[in-house]
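What the sequence shown shows, in the UniProt record's numbering, is residues 1 to 205, in sequence order.
Please keep in mind that the hints were generated in silico from the structure rather than gathered at the bench.
Be a bit skeptical, because a hint or two may be false.
[Claimed, not checked] Pairwise CB distance ranges, derived in the manner of DEER restraints:
{"hint": "1", "residue 1": "Gly187", "residue 2": "Glu44", "range": "15 to 23 Å"}
{"hint": "2", "residue 1": "Glu88", "residue 2": "Glu44", "range": "19 to 27 Å"}
{"hint": "3", "residue 1": "Pro28", "residue 2": "Gly149", "range": "39 to 47 Å"}
{"hint": "4", "residue 1": "Arg123", "residue 2": "Ala180", "range": "30 to 38 Å"}
{"hint": "5", "residue 1": "Glu179", "residue 2": "Ala81", "range": "37 to 45 Å"}
{"hint": "6", "residue 1": "Thr31", "residue 2": "Glu168", "range": "20 to 28 Å"}
{"hint": "7", "residue 1": "Ala200", "residue 2": "Asp37", "range": "20 to 28 Å"}
{"hint": "8", "residue 1": "Gln27", "residue 2": "His144", "range": "35 to 43 Å"}
[As the list claims (entries may be wrong)] Taking lysine-lysine and the DSBU-like style, the derived pairs with C-alpha atoms no more than 35 Å apart in a straight line are:
{"hint": "9", "residue 1": "Lys170", "residue 2": "Lys53"}
{"hint": "10", "residue 1": "Lys41", "residue 2": "Lys170"}
{"hint": "11", "residue 1": "Lys53", "residue 2": "Lys41"}
{"hint": "12", "residue 1": "Lys186", "residue 2": "Lys53"}
{"hint": "13", "residue 1": "Lys131", "residue 2": "Lys53"}
{"hint": "14", "residue 1": "Lys131", "residue 2": "Lys186"}
{"hint": "15", "residue 1": "Lys41", "residue 2": "Lys186"}
{"hint": "16", "residue 1": "Lys131", "residue 2": "Lys170"}
{"hint": "17", "residue 1": "Lys170", "residue 2": "Lys186"}
All of these numbers come straight from a predicted model, not from anything done at the bench.
Just so it is clear, CB atoms sit at the ideal spot from N, CA and C, and this is done for glycine as well.
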Amino acid sequence: MTQSLTFYTNPMSRGRIVRWMLEELGQPYETRILEYDTTMKSPEYLAINPMGKVPALVHGDQVVTECAAICAYLAEAFPEAELGPRPEERASYYRWLFFAAGPIDSAVTNRAVGIEVAPESTRQFGYGNFKLAMDTLAYAVSQHDFIAGDRFTAADVYVGSQVGWGLEFKSMEARPEFEAYWSRLKGREAYRRALAIDLALCEEA
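Input sequences plus hints: build the corresponding full structure.
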């Protein structure tokens, strides 16, 4: 019997990344909507994710948190979806997945709250400074049609979400490399389905 997938999220959160990944898989899953400062901080949910944040995924008796980790886990758990890396894609797949989850996320978040890295402090920050992070991301998304090569993988769900949000909320510069990459992703049926689900949940709330 197939193990159940339970997805803990809020439609106004990074859970949208995992929703997209789940829709790409095409596997049935149960969604549990949590609210900030209430059900996300309940003892029941803290037993799943002590951070008290979403998203989280429970697959049978396995718990996975952190969007990039969930994407990678699901690609491996459901190989029939062919969203994991082939041998020749593995280096780029993991390189840019973790780059987006670490340096890019930190660079964008810090800048959003007004943290600018002084030139003499760049060695103390994993991303160096915002420009260096953006230059490197532009390089990453322009080497191939997709982040790991010439086909879509789970890494594109995560990296693509970062780029898509960056363009929408103007937390990233509208560089031609970013716009071209995002244009190849935003029309995917799974992405459009996932977005429609979360927008409908936002309206209900």
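Right, here's what the structure says about each hint:
{"no.": "1", "hint": "Gly187 to Glu44: 15 to 23 Å", "verdict": "violated (38 Å)"}
{"no.": "2", "hint": "Glu88 to Glu44: 19 to 27 Å", "verdict": "violated (44 Å)"}
{"no.": "3", "hint": "Pro28 to Gly149: 39 to 47 Å", "verdict": "violated (29 Å)"}
{"no.": "4", "hint": "Arg123 to Ala180: 30 to 38 Å", "verdict": "holds (32 Å)"}
{"no.": "5", "hint": "Glu179 to Ala81: 37 to 45 Å", "verdict": "violated (27 Å)"}
{"no.": "6", "hint": "Thr31 to Glu168: 20 to 28 Å", "verdict": "holds (23 Å)"}
{"no.": "7", "hint": "Ala200 to Asp37: 20 to 28 Å", "verdict": "holds (23 Å)"}
{"no.": "8", "hint": "Gln27 to His144: 35 to 43 Å", "verdict": "violated (27 Å)"}
{"no.": "9", "hint": "Lys170 to Lys53", "verdict": "holds (24 Å)"}
{"no.": "10", "hint": "Lys41 to Lys170", "verdict": "holds (30 Å)"}
{"no.": "11", "hint": "Lys53 to Lys41", "verdict": "holds (8 Å)"}
{"no.": "12", "hint": "Lys186 to Lys53", "verdict": "holds (26 Å)"}
{"no.": "13", "hint": "Lys131 to Lys53", "verdict": "holds (29 Å)"}
{"no.": "14", "hint": "Lys131 to Lys186", "verdict": "holds (25 Å)"}
{"no.": "15", "hint": "Lys41 to Lys186", "verdict": "holds (33 Å)"}
{"no.": "16", "hint": "Lys131 to Lys170", "verdict": "holds (14 Å)"}
{"no.": "17", "hint": "Lys170 to Lys186", "verdict": "holds (17 Å)"}
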